[in-house]
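Here the protein sequences line up with chains A and R, keeping their order.
Just so you know, we're using our numbering here: the first sequence kicks off at 1 and counts up by one.
Just so you know, we're using our numbering here: the second sequence kicks off at 1 and counts up by one.
Quick caveat, the hints were computed from the structure, so don't treat them as lab data.
Ideal Cβ positions, reconstructed from N, Cα and C, are used throughout, including at glycine.
The hints are all genuine.
If you anchor each label on the Cβ, the simulated ranges turn out as follows: (1) A/Asn255 x R/Lys450: 46 to 56 angstroms; (2) R/His475 x A/Cys189: 21 to 31 angstroms; (3) R/Asn355 x A/Asp171: 23 to 33 angstroms.
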Amino acid sequence: MRKPKVAFYWNASCGGCEEAVVDLGLDILKVVEAVDIVLWPVALDFKYKHIETMKDGEIAVSFINGAIRTQEQENITKLLRRKSKLVVAFGSCAHLGGIPGLANFWDAEQIFNTVYKSLPSVQNPEGVIPKTNVNVDGYELTLPEFYDTVKTLDQVVDVDYYLPGCAPPPDLIMGALTSILENKLPEKCSVFAPDKSLCDTCPRGENKPQKLSIKKFQRIHMVQPDPRKCFLEQGIFCLGPATRSGCGERCINANMPCRGCFGPIKGTVDQGDKILSAIASLAEARTEQEEKTLFDSLEDVAGQSYMYSLPSSLLHRKRKEV
Amino acid sequence: MSIEFEPQSKRLLVIGGGVAGLEVARNVAYADYHVYLIEKEPALGGMVCRLNQLYPEGMPDAHTLQPLIEEIEKQKNIEIFTETEMIAANGDIGNYQVELKQKGKKKKILVGAIVVATGLKDYEIEKVEAYGYGRYKKVLKPIEFEEKVSSGEINPVDLKSVVIINCAGSRDKNYLPHCSRVCCFIGLKEAKLIKDKNPYTEVYVSYIDMRSYGNLESFFNTLKDIYNVNFIRGRPSAIEELNKNLYVKVEDEILGDLLKIRADYVILSHGYVGDEKVLSMLRIPLDTGDKGKFPTTYLNSLLSVDSNPKGIFVCGCAAYSKNVAETLIEARSTALSAINTLKDISIRTPVAEINSDICSETHCKLCLYVCPYCAIVQEEDKIKVIPSLCMGCGICTATCPTGANTLEGYTDSDLFHQIDEKVKKDDTVAFLCKWSAYGAYEKWAGNGYKNVKVIKVPCTGRISVGFILKTFQKHARNILISGCYPDACHYNKGNFILRKRLSVTANLIEQFGIPKEKIRIEWLGKKESGRIKSILEEMRGGERE
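For reference, chain R alone in the conformation it holds in the complex (with noise of 0.2 angstroms):
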């Protein structure tokens, strides 16, 4: 099957009124199309409006946010809605129904594409017991310290120590594996903002690891230098309190002492998860295990291309936990892509289609977890492709062990029919992956050679083993397999699949009396022509044309 989208509507949501979320839908707006901005609090500005200054320059939100702000509510283009939320989702690219509910009332809106951009959420860091957070009045998070500090509930000059834990729970196995990148930085900020205040407290910062990238080393450095705030490295090993003081004790890895610092307060620079809520809704790949739950991320892809599903984009501290200088970078190319699907929205795509008069469906299953992009789902006692999410790859059509899978253009029988129409005796027969050794072998092959036939497939992950039997069926002389490098595959993972199909392929042939070293295995880049074509000369063998 092939899908193409119709395209009903030109407009665009935005989830969430924070940096990402304005950012978006000022430059949205600026091009013309309209943008329906919500967010769930009464007010727009997100986590940014809580903070009281941001890293690295100390600037206060009022002179970035506020004038975004002022600049969107002037936009005719854009319509907000406060206190809203988004309570279903569906349709495609080009025709997505969304359901909002705003104070009760529940309202209909069509757009053509979504961008989510709905922050991050903290890392629950009671969870981390020996820190006792919930436990300690004064054990607190950052946001709370900075709210507190605002507020004047605490004055810096009243405080003699202070403990900020960076990298509290986080990249540790038993709480959060993941590194969250800027909670170094927001743990340095409140250093910073106490040291400004009062640079008599005795400021203790436990660390693992800087993560100090780019600008940020001159910074951390001017706190290590010119603030004196007293650098550890070590993880605390618990907070206790004696006689209401707070006590930290951790080992300086550096010097090797053991240490147990008073503190008046102990900030717990935590980690940051993905708010999974809106993005499962639409149906969003998440990474899981130590990754974080935070969407799939397809480095090798276009994005405004391939966006995943189709016409929806994550931006900002939904995708990943950033700054705000970084967010609203993000924003802007996020605003690009959204635009440029606004603006050409028939995609014309093969996607993978389920025969269910064939499927085993829920008896079955195993295709489901091999689909890079989830699309595969469990709908009731049925198996289904979402169209929005396939891309194409054919992994999922080389699993399905009852040919109920299968991918236009690339169906078992298409590809069966090539391999008996092309391949003669003695042929060496080249499958090439579409995104890269195909490319190469085309700019080489002006002129091919008579014995060397070559069959595209959109990924090798769709190759399977009956290829090759097919292949040798016709007694082709060797096969060459050549897609893209390890950890580069477009489709993410297809290599790898293709890899242990052919690992028991091997085991399975000799056992035909056909050497494995018949089928080589080669991977290549796009401009790698000249090393596919004496790979192929070499397979070939013999003489020359």
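With the rest of the complex left out, here is chain A (with noise of 0.2 angstroms):
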């Protein structure tokens, strides 16, 4: 019997969840005596033409991390696509848009401008910027278009599976594998994750109080949190009401508040919505200035409430037109 052909791609992403491929450790040996790996750039040496030559749904499952900013990753996942009977949204930034998709708060203009001229470590007189076409010498040099808005992996190709995280926990990896390979497959667009939120399972619920009530919001950077109370009741940002478990509580476990990697929860779109109206409503405020005195304490509320999501909130971006 042949093998399943697999592809793992990765475009905007930091490379983190090609290393939790090989946090597997040694059931990645499984994995590899399970299936013939047909792409993976960061670990093997194939080449684009080899998928352009395949039929189409050749390919059992792709696993792609990464959001999509450039002319160049949409276009490898379009094939992806095309090439696969599944395709699997793998980490943060694939299914919500992840840490990438902040830069959906400028464009590319404003981006350009920044990392290649106002940087105070560049040295760029003549203020060359990146191009898609330049001519040297008469050679015409290409470069993939550089988007102004970062996009998830299901805005730009019909997307099967998500595994959430970021990166996703060697369990989910291998549950999510195991599920494919054995063709137990959940409903399509289901998250290879728990549907309740982080504090389902958070440890810290154990100690929450009956009533909270936020009087004032601090950074995280700003104090030492008690190991043992809800962020929340602390006057912390924590996006764990709203977001999706099944992560580990690795962050909740090194005393830090959860950012939300895992997305939000089943049936609900929009992290922000879900947890700023939440603490909204338990806010301890009596009068309208007492309210704004409160809310200005929240610092950068919309990089707070979507650092991992904000691609896939109900927004998108920041306006480019006022």
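Take the two lone chains and join them into the complex the hints point to.
Structure, rendered in structure tokens:
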């Protein structure tokens, strides 16, 4: 019997998701034994043309991590989609947009101006910025287009399943691989993680007060949080209540609040909506002035609410026109 | 979820056989409904039968209470259980299963509605140590003084001087912060009782404010001008005993004099607190903090429809201390509400529901205290909505961070879908509360504007941040959110919660490059159709159709 073909690909991402595959440890040998890897740029040398020559749907499953921010990423992703039976958005960036998605508070021009011109460490007297086409000595050099807006994988191609997390934990990866290899697939578009919020498995849940009231917000780097108490109780913005569980509470155990890498809970779309509607309702403020003071103490509310999910949120990006 | 209550019983349970309970039972029985009347004491009559006289007319209880009891006892529709207490209650409107205990014997009854007329409890005035109640034999509560006068143990003819302390322990943050309303005149009643029997007794009344509303002012004036009662404005600092004489130390705030008054007896006109036991057994939401743990009053609600929990009414002093005349009036209106409820129990109302497949239960609990009706409770390790308490405002639905909480007709997906379908680029979108702004809009809107889209919500408290984001995702021109005036929310606090959400939303959308001025919030009454018209006209701008 022929082994099922599997592809791994990376778009706008940090490489952590690739590490996560390697983090499977000895289990990865079982995977390698069971499948035939046809593309994995970080680890193995295959060419895109190998993929192009394949029949449509020949690849059993493509695991694609990273958000889409360039033309090249979009092209390869569309190619893999055509050639694969299943596409799994692997990790927060592919699933929600992730950290690269925060670029949606700016646009390509602003980013180029900052990165290639105005940063203090930049030496660029001619003000050269990347272009899609440059003619050098009669040769045409090309670069993929850098988009204004970072997109999630499912905003570019049809996605079958999602493996959430920054990066996805090994147990969820193994679970997803097993259910795909054994053909015990959940409903299309499912997320390979539990349906409840992080609070459900949060070790601090036991100590949560009956009545939570928030009087002041503090940034995590300004305080030494009590490792037993709920972060929200301490006025530290925690996305846990509006974030899917399954991560293994790695951040919480390191005394860091949840920043939402697992994305919204089943049935909800926008983490910022859910967390802000909840905590605003619990805010301890009696007058408009008190409300303003309280919420002004919640710095960079959009950045904190959409740290991993800006491109997949309701507004996707900052308005260009005003 | 939406619930329909199946009426199993058209009988009424009245808890408490005082004037309130008796008057309710009498009226409901007249309307041909069967009433169970339970009283924990061996005899009917409650507090009033212990009183010597009532104020302000000084009418003895024989004139009010006795005829009432006689009439009740003759009524065939009323079953009376004395020495009986309620020990458990379950169910919903139309179908309350109540367990009673009469002298150790248990009995179960099924009723459609319940009236709580359990009366009031004295504030534990011994907590005010400086007044020495319990330490000095001659410092008494008004009721004790009256009983001693009635029994002849105290003869006012022997009394030279009596000090009555009004507001004893009341309106004092250290003791009882609220005003019990009746104690001023209970104090004055005792003054009159003494003066009637012995005009030569010096009677001193210390008070902070004389809350002589209605016709009580003339009673106060009569005592002051004709009976020559000495009124001292000031709160006594202490009562001391010297050589078996009591002395009350008080500063007369008007004259600025420090007084030390010798008294044969001191009467402490203390305040009253709610009787929590029965109220909490029936899950009646209580005010906490400085409001004295009385049942929460929903001033803006139609109580007959919106009694909370549905089909349970609180009446008389159980709701808040009041005098006999006021109690009788309230009892009659409660009887009417109870009759209406028994007549037509079929209430169909959307209620919030929590999907336990998604809810993080006790580890989340963020919704637990947002409900104005305390309808969300923790039962062991589950968070539940009690349908008979829920009024369907949707405040909790908008608060739930997981989407586990849904409200029929107003779920997140319903409203997102509405926004998606209705809103086009450059529209003005109005989220209107069904109790106020939507009514105002409906009156005028026959020929609304094409670029004004209206979304009806049960309360502005149902509006979550996401609805605003979704509306801006559709590139709406601006958003109007309009609901009841502050302090006039049908659900008590929905609009305040909304305001907090908008406050954070303003900061959020600014970061998305949407000016916060694009969201406008207006408080509106149901009749202000002219105002909502001009607001929407101003907001939509541009040409008219």
